[in-house]
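Numbering of the sequence shown is given in the numbering used here, commencing with residue 1 and proceeding in unit increments.
What the hints contain is simulated information worked out from the structure, not anything from laboratory work.
Just so we're clear, the structure is a prediction, and the values are computed from it rather than from any experiment.
There may be inaccurate statements among the hints.
[As the list claims (entries may be wrong)] If you anchor each label on the Cβ, the simulated ranges turn out as follows:
| id | residue 1 | residue 2 | range |
| --- | --- | --- | --- |
| 1 | Cys51 | Arg332 | 44 to 54 angstroms |
| 2 | Gly53 | Gln320 | 27 to 37 angstroms |
| 3 | Val348 | Cys51 | 52 to 62 angstroms |
| 4 | Ala356 | Ser235 | 25 to 35 angstroms |
| 5 | Thr370 | Val348 | 16 to 26 angstroms |
| 6 | Val348 | Thr89 | 56 to 66 angstroms |
| 7 | Pro177 | Asn317 | 56 to 66 angstroms |
| 8 | Gly279 | Thr85 | 43 to 53 angstroms |
| 9 | Ala140 | Gly65 | 39 to 49 angstroms |
| 10 | Arg299 | Leu77 | 30 to 40 angstroms |
| 11 | Thr60 | Thr370 | 43 to 53 angstroms |
| 12 | Tyr275 | Thr96 | 54 to 64 angstroms |
| 13 | Thr238 | Asn278 | 33 to 43 angstroms |
| 14 | Gly300 | Arg332 | 33 to 43 angstroms |
Even for Gly, the Cβ is constructed at its ideal location relative to N, Cα and C.
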Amino acid sequence: MANDTSQVATVRRWTPVFQLCIRLILLLALPAAVFLIRPALLAQAQEERRCFGDEAPEVTSCIEGGFLSFWEANGGLEVFGYPLTDIRTVQTEDGTFLAQYFERARFESHPENDPPYDVQLGRLGVELLAAQGLTVDSYAVEDPIEGCQYWFETGHNVCEPLLTAWRSAGLQLDDAPELSDSDRLALWGLPITPQVVVPTADGILLTQWFERARIEQQPDGTLTFGRLGAELLGSAPTVPAPPADAPPDEPLPEDPTVPPPPVATAAPSAPTPGYPCNGNAPAPAEGLQVWMVNPNPLRGEDANTCARLIVNGGVVNGAQAMAYRYYGNERRPSIPQSTGLDGVAGFVFYTKEDPATVPVEVVISYQGVTYSKFTAYNVR
Numbered sequence: 001m002a003n004d005t006s007q008v009a010t011v012r013r014w015t016p017v018f019q020l021c022i023r024l025i026l027l028l029a030l031p032a033a034v035f036l037i038r039p040a041l042l043a044q045a046q047e048e049r050r051c052f053g054d055e056a057p058e059v060t061s062c063i064e065g066g067f068l069s070f071w072e073a074n075g076g077l078e079v080f081g082y083p084l085t086d087i088r089t090v091q092t093e094d095g096t097f098l099a100q101y102f103e104r105a106r107f108e109s110h111p112e113n114d115p116p117y118d119v120q121l122g123r124l125g126v127e128l129l130a131a132q133g134l135t136v137d138s139y140a141v142e143d144p145i146e147g148c149q150y151w152f153e154t155g156h157n158v159c160e161p162l163l164t165a166w167r168s169a170g171l172q173l174d175d176a177p178e179l180s181d182s183d184r185l186a187l188w189g190l191p192i193t194p195q196v197v198v199p200t201a202d203g204i205l206l207t208q209w210f211e212r213a214r215i216e217q218q219p220d221g222t223l224t225f226g227r228l229g230a231e232l233l234g235s236a237p238t239v240p241a242p243p244a245d246a247p248p249d250e251p252l253p254e255d256p257t258v259p260p261p262p263v264a265t266a267a268p269s270a271p272t273p274g275y276p277c278n279g280n281a282p283a284p285a286e287g288l289q290v291w292m293v294n295p296n297p298l299r300g301e302d303a304n305t306c307a308r309l310i311v312n313g314g315v316v317n318g319a320q321a322m323a324y325r326y327y328g329n330e331r332r333p334s335i336p337q338s339t340g341l342d343g344v345a346g347f348v349f350y351t352k353e354d355p356a357t358v359p360v361e362v363v364i365s366y367q368g369v370t371y372s373k374f375t376a377y378n379v380r
């Protein structure tokens with residue numbers, strides 16, 4: 001019994017020592033635990049916020065939260081570019097939203113919608129057209145072209161090589177492994193202009209505008225997405241939109257660099273062009289019309305470019321015509337032609353050595369007035 005009492009006394013005597021040791025161990029271990037946990041917390045915070053100071057010091061804005069998740073899930077830098085602003089309030093024709101501008105897009109927050117529809121893209125293509133005094137109704141409805149994708153909603157074709165770029169990206173709206181046209185429409189929107197060529201200091205730029213974007217083929221053949229966000233903010237030069245199509249019963253807009261062409265007083269009429277220009281020929285219209293008989297010839301086939309000049313409602317016979325093909329910065333002239341009794345001049349190009357896309361300019365001179373118009377063909 002005495003021995004038991006001695007053991008109890010010993011335990012009681014050492015208990016405060018044990019407690020002190022445990023407290024010292026905890027105090028020493030706590031900073032180490034914090035040191036281990038803090039990097040994990042920082043890593044998580046960094047995953048929810050991305051900045052670009054290391055790779056692009058001029059980019060001072062960051063992406064975070066739902067906008068970051070959307071940016072990463074739908075193409076990131078390649079599709080949208082760097083952020084140009086922090087999140088801000090933006091007022092559009094559709095309402096007022098929290099938004100953030102990127103080089104090629106504007107993200108808009110729609111918290112009233114469930115994901116993935118809680119982030120949507122602004123209609124920058126429509127807004128930039130409006131800034132140039134144009135609307136989606138400024139362009140004539142096209143007929144469907146074989147080999148292209150046609151949208152009845154706006155009446156425009158999307159043809160190669162821009163069609164490849166259009167099909168290459170879209171928003172990830174579901175778990176399907178392949179992109180659908182609905183995914184692509186959510187990114188680009190509908191086409192709102194025809195495919196056009198724009199002469200630049202570096203060569204010919206092939207472009208087409210969409211509700212939310214612009215697809216471009218650079219003079220070297222590279223396919224790119226237009227920097228609409230930067231253009232809207234004024235930090236990049238604006239690529240001019242295609243000029244509006246003149247209504248058939250109204251005069252064409254005057255070009256201050258040449259005498260104004262005569263204006264038709266009645267709806268123009270013209271005989272059906274002869275072969276091969278009867279293929280794909282548009283309805284007669286005042287001024288210069290240019291078209292490809294087959295816009296998508298096979299390599300090695302002939303590419304036929306046709307032009308018709310109508311002045312004051314009648315076809316012009318005997319006007320001098322030239323066609324020029326553009327290969328980057330090189331402008332290759334055709335053999336001179338003249339318009340026939342049907343007002344049409346035709347040009348034949350052999351495509352075996354041609355690049356994938358060849359812009360063609362037709363120039364016709366008549367009574368001191370120079371008419372010029374572009375078209376293009378895509379070699380398959």
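Original post:
When you take the CB atoms of Gly279 and Thr85, is the distance between them in 43 to 53 angstroms?
Top reply: The hint (43 to 53 angstroms, Cβ to Cβ) holds, given that Gly279 and Thr85 are roughly 50 angstroms apart.
**OP:** With 27 to 37 angstroms as the target window, see if Gly53 and Gln320 comply at their CB atoms.
**Re:** violated (59 angstroms)
Subject >> Assessment of proposed distance window 43 to 53 angstroms (beta carbons of Thr60, Thr370) >> reply: At 49 angstroms between Cβs, range holds.
**OP:** Given the range 33 to 43 angstroms, decide if the beta-carbon distance of Gly300 to Arg332 lies inside it.
**Re:** violated (18 angstroms)
**OP:** Go ahead and decide if the range 56 to 66 angstroms is satisfied by the Cβ distance of Pro177 to Asn317.
**Re:** holds (59 angstroms)
Original post:
For the pair Tyr275 and Thr96, does the Cβ-Cβ distance stay inside 54 to 64 angstroms?
Top reply: 58 angstroms Cβ-Cβ, so the 54 to 64 angstroms window holds.
Original post:
Using the C-beta atoms of Val348 and Cys51, is the stated range 52 to 62 angstroms upheld?
Top reply: holds (56 angstroms)
**OP:** Note whether the CB distance of Ala140 and Gly65 lies within 39 to 49 angstroms or breaks it.
**Re:** Since Ala140 and Gly65 have Cβ atoms about 44 angstroms apart, the given range 39 to 49 angstroms holds.
**OP:** Kindly confirm whether 16 to 26 angstroms is satisfied by the beta carbon distance between Thr370 and Val348.
**Re:** Distance hint for Thr370, Val348 holds at roughly 23 angstroms.
**OP:** Look at the Cβ atoms of Arg299 and Leu77 and judge whether their distance stays inside 30 to 40 angstroms.
**Re:** Since Arg299 and Leu77 have Cβ atoms about 34 angstroms apart, the given range 30 to 40 angstroms holds.
Original post:
Measuring from beta carbon to beta carbon, are Val348 and Thr89 in 56 to 66 angstroms?
Top reply: Since Val348 and Thr89 have Cβ atoms about 57 angstroms apart, the given range 56 to 66 angstroms holds.
Original post:
Between Cys51 and Arg332, does the C-beta distance stay in 44 to 54 angstroms?
Top reply: holds (48 angstroms)
Taken one by one, the earlier hints fail for this structure at numbers 2, 14, listed in ascending order.
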